[in-house]
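Trainee: Given next are the chains, with one letter for each unit.
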Amino acid sequence: MRIFSLPDLGEGLTEAEIVAVLVREGDVIREDAPLLEVETDKAQVEIPSPMGGRVEKIHVAPGQTVKVGAPLVTFADAAAEPVAAAARGSAPPTSAAKAPKSAAPARTPVAAPSAPAALADGPVAATPATRRLARELGVDLKVVRGSGPGGRVLDEDVRAAASGPPIAPATVPASAEPAAPAGPAKPLGTVGLEAPSLPRFEQWGPVERAPLSHLRRTIALRMTLSATLVPHVTHFDRADITDLDALIARNLEAARAQGVTLTLTPFLLKAAALALLRHPTFNASLDPAAGEMVLKRYYNLGVAVATARGLIVPVLREIDRKPVLEIARELAALAQRVREGKATLDDLRGGTFTITNIGALGGTAALPIINYPEVAILGVARARQEAVVRQGQIVPRLMLPLTLTFDHRIADGADGARFATEIVQRLEAPERLLWEW
Amino acid sequence: MGDLVDEVEVAVLGGGPGGYSAAFRCAELGLETVVIDAAQRLGGACLFEGCIPSKALLHVASVLNEAGRAKEFGVDFGEPRISLDPLRKWKQERVVGKLARGLASVAKARGVEVIGGRGVFEDSSTLRVEAGETLRKVRFKHAIVATGSRPGGLPGLTQPSERIMDSTAALDLPDIPERLLVIGGGYIGLELGTVYATLGSRVTLVEMTNGLLPGVDRDLVQPLHRRVNTLFTAIHLETRVTALREVGSEIEADLEGRGGERFDRVLVAVGRRAQSDGLGLEATRVRLTEHGRFVRVDERCRTEDPRIYAVGDITGEPMLAHRAMRQGKVAAEALAGRPAAFDNVAIPAVVFTDPEIAWCGLGEAQARDQGLPVKVGKFQWAASGRAATLGRSDGLTKVMADASSGRVLGVGIVGPGAGELIAEAALAVETAALAEDVALTIHAHPTLSESLMEAAEHLLGA
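Residue numbers (my numbering), protein chains in the order written: chain A, 102 to 538; chain B, 378 to 839.
It should be emphasised that the hints constitute simulated quantities derived from the structure, not laboratory data.
Errors might be hidden in some of the hints.
Said to hold, decoys possible - Here are the simulated BS3-like pairs of lysine-lysine, each with C-alpha atoms no more than 27 Å apart in a straight line:
| # | chain 1 | residue 1 | chain 2 | residue 2 |
| --- | --- | --- | --- | --- |
| 1 | A | Lys243 | B | Lys448 |
| 2 | B | Lys432 | B | Lys448 |
| 3 | B | Lys752 | A | Lys243 |
Predicted model only: the values in this text are computed from it and were never measured.
With these hints in hand, go ahead and build the complete structure from the sequences.
Mentor: Encoded structure:
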């Protein structure tokens, strides 16, 4: 009997969380076959088996945190010879793929015909359009769990895989092998912060004190909460809105005839909502107590409105389902209610993502703070005519600076870049915004 | 005299379906593209000496056949009189010529230049184009090799004689020989054998293996075998041709174990060979597959040479025009930086005989060999109303599905129109549809397409 314990992982790491167990008791595996996936403070790594043989006992379960030296797997005293070949190829040790891989049993040649290989090695069950989407989003379909009938991988599954940790499918297809569970959710640690007491400013000169308004206090509290609790990361991009600007100009009169003043913002809202549909993690909230991500299947976008009293963020509902003209109409009415102090509580809550457009006031970029508990905010600065090189020619184009600030706990820089790119692409093909909803 | 050098973004070598699909897609994506084709035309073997002319002749055969069968229901057209000149002219001008002109005009509209000549790689960025005495060089950023395949010969046997034809020569329809020997029981031998037999030749077919259409599901081959048995004079399985001699105006063939037999013409239809030789590929980093028959490509149709892509027959089996066309588009998109891949699950295959045979995806025998748990559903056309009205009840549709999920993995069809019916099956396999999806979809009555639904229902009930 040989026991394999958690090896020293280097970099001063003393413990690791078991993400997935890739073998089952009774499996016969060869040396170097992938055994476990563990996650440390630094990275998620796959631990290969240091020996070949039959797995007698597995001592750990996904979700468990184990110390270096703790027993992981006991091997039976099998023949010293490594047996057969493990069924699956090993992923690079620092594989970023977080999707749980199914624990395929190691197959010996003798067992092969009866083993329900099913389609493990065959084509992935997905339509050609879904497969193309996976390629566009850089998702390996083989590690995505399909939630469709017969285990078919749907667009939603691909998008979810592209923009974050895997989402447990609502229905587990009967045919699929049970994948290693992600383990129980656990609360995140909290960061305690208390402002130190202020110095006496009077010692340097005269001061005045004014009480904060209720709105100011609310803003202060929420911004402090967000800025201290949420690790912010910002992605910069620019959209060429020459065509969009022309489209708005062309339709200004027609829209006015319908009582709507057409501006850039409704198009921004539409573009963001459509992008959110494909990047659901940016339409989510992190539940630190449960250790879960809450993905909202509604797309209610907040628009930061500057009022005399301070910043207010009213919310427009179901932007994904409304045409731009309708969004423009609602936005105008909502902004008016807010400025007149007539907004209802319902006007102000239930948002899933926020856009703040400071373009009217100038500036080249802004790094807004996330409207907690949302996970992302799009900052829009003033569009300017710029000399842009297109096909070797310098041409004047109207460029709109954008910043996407998001919660690094939920998404990474690459995810943010993809999401921002999608918004930019949609702004650059404005006619599609008119008919897509 | 200095060489004439063209600089282009994409040079496509070969104007067949793979080549022109790639070129058109490249042009659509804004890439400056030229096609280098030995005959300076688009269409390739498919249009000029393969798919299209053979289907034109098979249509003629089918009309003759139907007219003959009309006696069954009391309509007698009399004995057909066949005039070869108008037939050849119709095939050449109204069918092939019309399509060729269509392709040429598409090329013109998309700004794709077709350069005539034999293209040979000088290195990984230059093609030398030889056309008679003139020499031209094309420097490219990317090349797509789509030189296709040519009919294979019988090693040591095929001596030059105009009476010994390959498929290209047979499609020219030089005459209707009284006695025709067809060597090879694959789809080409069967299709062209059918054409000549229907036009009046007495056809003898020899096949080396123990069945027609080697590798194809026996359930599908059986009805065809029964029919060609009556159409052909003789079918000799497990028989080799050991010698072919021209004797006067005849060809004497030695059939192993049967002695010598005399024929007026011989059709050699023993498969096709990829044309990877003589292209100068050794001057590039392109690598061939182990047996050196094909150019090695990945799923994006990239060869080992980062500048060079390859599509179509030259990249391997199945050598089918529609596979080449899809690959051509993949190669174009891949070199334009798009995330395209040839990841198709179902490549439909059709044998245009009477009855037609078509299949896609996994075959039953293949599933059994691989130990995959599959369920099989079958529907005999004897129970089809539409088949009865056509007087053709010899068809069969079968569906293979994954035993646990019910996902459709493969479909095989034999019967008139199978080539058209397979389209729905390919969609089902490609989109990972379940047998239940097929069974629950309404199929028009009375049509042959109901047979797929019926087979799926049978599978679910099984």
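Trainee: Of the numbered hints stated earlier in the document, which are not met by this structure?
Mentor: As far as the earlier hints go, only 1 is violated by this structure.
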